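Starting from the known structure of chain A, fit chain B onto it as the hints suggest.
2 protein chains.
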Amino acid sequence: MHDFPFFQKLIEEEIRNLSLPEQPSELYDPIRYMLTLGGKRIRPVLVLMSCEMFDGNISNAIHPAIGIEVFHNFTLLHDDIMDKAPLRRSKPTVHTRWNTDVAILSGDTMFVQACQLMLKTDQTCALPMMRHFLETAVKVCEGQQWDMSYQTAPKVSIPEYLNMIELKTAVLLASSLKCGAMIAKATEEDQQHIYDFGKNLGIAFQLHDDILDVYGDEQKVGKQTGGDIIANKKTYLLLKAQEVGTKDQQEELAHWLTVEKFDQNEKVKAVKNIFEKVRVKELSKEVMEQYFNKAIEAFDKISVASEKKSIVKSLAETLMIREK
Amino acid sequence: MHDFPFFQKLIEEEIRNLSLPEQPSELYDPIRYMLTLGGKRIRPVLVLMSCEMFDGNISNAIHPAIGIEVFHNFTLLHDDIMDKAPLRRSKPTVHTRWNTDVAILSGDTMFVQACQLMLKTDQTCALPMMRHFLETAVKVCEGQQWDMSYQTAPKVSIPEYLNMIELKTAVLLASSLKCGAMIAKATEEDQQHIYDFGKNLGIAFQLHDDILDVYGDEQKVGKQTGGDIIANKKTYLLLKAQEVGTKDQQEELAHWLTVEKFDQNEKVKAVKNIFEKVRVKELSKEVMEQYFNKAIEAFDKISVASEKKSIVKSLAETLMIREK
Numbered sequence: 062m063h064d065f066p067f068f069q070k071l072i073e074e075e076i077r078n079l080s081l082p083e084q085p086s087e088l089y090d091p092i093r094y095m096l097t098l099g100g101k102r103i104r105p106v107l108v109l110m111s112c113e114m115f116d117g118n119i120s121n122a123i124h125p126a127i128g129i130e131v132f133h134n135f136t137l138l139h140d141d142i143m144d145k146a147p148l149r150r151s152k153p154t155v156h157t158r159w160n161t162d163v164a165i166l167s168g169d170t171m172f173v174q175a176c177q178l179m180l181k182t183d184q185t186c187a188l189p190m191m192r193h194f195l196e197t198a199v200k201v202c203e204g205q206q207w208d209m210s211y212q213t214a215p216k217v218s219i220p221e222y223l224n225m226i227e228l229k230t231a232v233l234l235a236s237s238l239k240c241g242a243m244i245a246k247a248t249e250e251d252q253q254h255i256y257d258f259g260k261n262l263g264i265a266f267q268l269h270d271d272i273l274d275v276y277g278d279e280q281k282v283g284k285q286t287g288g289d290i291i292a293n294k295k296t297y298l299l300l301k302a303q304e305v306g307t308k309d310q311q312e313e314l315a316h317w318l319t320v321e322k323f324d325q326n327e328k329v330k331a332v333k334n335i336f337e338k339v340r341v342k343e344l345s346k347e348v349m350e351q352y353f354n355k356a357i358e359a360f361d362k363i364s365v366a367s368e369k370k371s372i373v374k375s376l377a378e379t380l381m382i383r384e385k
Numbered sequence: 062m063h064d065f066p067f068f069q070k071l072i073e074e075e076i077r078n079l080s081l082p083e084q085p086s087e088l089y090d091p092i093r094y095m096l097t098l099g100g101k102r103i104r105p106v107l108v109l110m111s112c113e114m115f116d117g118n119i120s121n122a123i124h125p126a127i128g129i130e131v132f133h134n135f136t137l138l139h140d141d142i143m144d145k146a147p148l149r150r151s152k153p154t155v156h157t158r159w160n161t162d163v164a165i166l167s168g169d170t171m172f173v174q175a176c177q178l179m180l181k182t183d184q185t186c187a188l189p190m191m192r193h194f195l196e197t198a199v200k201v202c203e204g205q206q207w208d209m210s211y212q213t214a215p216k217v218s219i220p221e222y223l224n225m226i227e228l229k230t231a232v233l234l235a236s237s238l239k240c241g242a243m244i245a246k247a248t249e250e251d252q253q254h255i256y257d258f259g260k261n262l263g264i265a266f267q268l269h270d271d272i273l274d275v276y277g278d279e280q281k282v283g284k285q286t287g288g289d290i291i292a293n294k295k296t297y298l299l300l301k302a303q304e305v306g307t308k309d310q311q312e313e314l315a316h317w318l319t320v321e322k323f324d325q326n327e328k329v330k331a332v333k334n335i336f337e338k339v340r341v342k343e344l345s346k347e348v349m350e351q352y353f354n355k356a357i358e359a360f361d362k363i364s365v366a367s368e369k370k371s372i373v374k375s376l377a378e379t380l381m382i383r384e385k
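Chains A and B, in that order, give the protein sequences.
Take any residue in the first sequence, count from 1 to its spot, add 61: that is its number in our numbering.
Take any residue in the second sequence, count from 1 to its spot, add 61: that is its number in our numbering.
Hints listed in this document are in silico derivations from the structure and should not be mistaken for laboratory results.
Given the structure is predicted, the values throughout are model-derived calculations rather than measurements.
Any given hint could turn out to be false.
Same chains, same names: a pair is fine if it fits in one copy or spans any two.
As the list claims (entries may be wrong) - Here are the computed lysine to aspartate or glutamate pairs in the EDC-like style, where the Cα-Cα straight-line distance is at most 16 Å:
id, residue 1, residue 2
1, Lys145, Asp162
2, Lys181, Glu196
3, Lys200, Glu87
4, Lys200, Glu83
5, Lys152, Asp324
6, Lys200, Glu321
7, Lys369, Asp116
8, Lys330, Asp274
9, Lys338, Asp309
10, Lys152, Asp90
11, Lys346, Asp162
Isolated chain A (complex conformation) (with noise of 0.2 Å):
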């Protein structure tokens, strides 16, 4: 069994070995551009640990592992251009440094290209797998979608937010896991104990990273908290203090949405003050907590062996308590 960091590094000499094309240059540099920008490379580091557990053979995984890399980036590179985001990993975004155009267009020859790598496997699985990714593309665009009307809506139910957050990023870290099994040529049933133990986990990952963004050490997360308050982000915390506010703190809520003009510390402050009176940090984590149990539940019904399995489990535990 390999670590995280030799998954790293494999998935980090693969990609600088990707050989793309010179020209053209402006469809091409900006895809190297954004595939060298960095990251922790979670997702395929999760399709070859999945493999490696259910004793699938590596090298029939790297490139899918790839391609899903190749996709998360696109999906990220096309969301900077909606989100008007100018950096990402603190360098100018690819429609900041470029176009535009360029970051549509290199957008879409990089989905082409993570569809290519996803068929880079054994033929026997290379179909079935690519029919799971495509069905976990349109869930990715769908959650994109709703997380863009959300934005907007006046009102956005607590469902509805756990329906965005399972389909914009729960269900890649879940595929992930899935096409890693697949390749492996686990059971039917393995497969989706897998995909629900990620679909779970991307859930409760996806929580944590709403509650420190509120109440996160600064230091450890890197980032000033408070970040979604000033945004009016509808995040867990939001919407449930909405939820469950009185009618005096529904409308101090309301008023913290709307005002235009405000001092940051001063609205971080006054919204924190609400959260602390309703107490959604607690009740966000017993939410997180359910989900993150709901995830190991479906990976101890996994029928593998527990010492193959304690590496994807601690990984999972990691991740939840990273920044804590």
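Below, chain B alone, put in the same frame as chain A:
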């Protein structure tokens, strides 16, 4: 053997019956809108005609045929954003009627759906056909990038231009025919011949378009001629005139390409005057006919009885003389 209108009707029916999800409506409404804007449905008809010509089962080809049409419409949707086009088939473009974000994301989703449709066929050919389709998709993206780059490039050579229209337009026509042949299990040689037929026909077709924009019958073409001249579009005609013109003529062309305020009729008349002096219409027609002949040469090599080939051949001829 069935004719063009028969297949066209079949395609229209299939597109009407495509069951797209209702929600999120901002994702799927633009897709429905785009797919029902109309068009001649040439590409999917080519898939079906080619399949039938090689004695294949049409029912295995119908979904991939729609897949190619969905892919084609995805490229139009994203191209319209890049070209800032307000209208498509006299209706508002998606990014105009909705917005750019919606256009990017519903385009992405269309591409995923195109891939899903390509896989809905006989299992023995789904994988090789998918590979071929993805190779084509990369070429189409490259063609679009060259087209964008050439719009601002100081100088574009004729080989560069021909390569661009091959990638942007011709390979998808070629690929449509090849997919039909693959589904019908035609020999590798015949697959190559019909691909070469489509590719050369596609280039001839685009050159024909360039000629029609200047010399077409306005009533038959359905739009005013001279549009490419007014927009400084680097067509075969312009590039050829720049190549073969005298120094004076080159300078006059350069003037019309850079002057910002001008009378449209005067510009068209002046440029057409140079075109006539250097016989650019005749030179363009010559090259167009060379490509058309190459197409027919490849087609004649296909080892299928000529009575089965006649419909595809006559379609090719009809397309070339359509609005002349």
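Now for the hints, and whether the structure bears them out:
In this assembly of identical chains, the alpha carbons of Lys145 and Asp162 lie at most 16 Å apart whether taken from the same copy (14 Å) or from different copies (10 Å). For a Cα distance limit of 16 Å, the shortest separation of Lys181 from Glu196 across copies, 13 Å, qualifies, whereas the shortest one inside one copy, 18 Å, does not. In this assembly of identical chains, Lys200 and Glu87 lie within 16 Å of each other by CA distance solely across copies; the values are 14 Å between and 29 Å within a copy. In this homomeric assembly, Lys200 and Glu83 come within 16 Å of each other (Cα to Cα) only across copies, at 14 Å, whereas the closest approach inside a single copy is 32 Å.
With identical chains, the CA atoms of Lys152 and Asp324 are never at most 16 Å apart, being 28 Å at best within one copy and 46 Å at best between copies. Taking CA atoms no more than 16 Å apart as the test, Lys200 paired with Glu321 passes in neither setting, with 34 Å inside one copy and 47 Å between copies. In the homo-oligomer, the alpha carbons of Lys369 and Asp116 lie at most 16 Å apart inside one protomer (9 Å), although the nearest pairing across protomers, at 52 Å, exceeds that limit. For the identical chains of this complex, Lys330 and Asp274 are intra-copy neighbours only, at 13 Å inside a copy versus 64 Å across copies, given an alpha-carbon limit of 16 Å.
Only within a single protomer do Lys338 and Asp309 lie at most 16 Å apart by alpha-carbon distance; the minimum there is 12 Å, versus 82 Å between protomers. For a Cα distance limit of 16 Å, the shortest separation of Lys152 from Asp90 inside one copy, 15 Å, qualifies, whereas the shortest one across copies, 35 Å, does not. Neither within a single protomer nor between protomers do Lys346 and Asp162 lie at most 16 Å apart by alpha-carbon distance, with minima of 41 Å and 33 Å respectively.
The structure shown violates the earlier hints numbered 5, 6 and 11.
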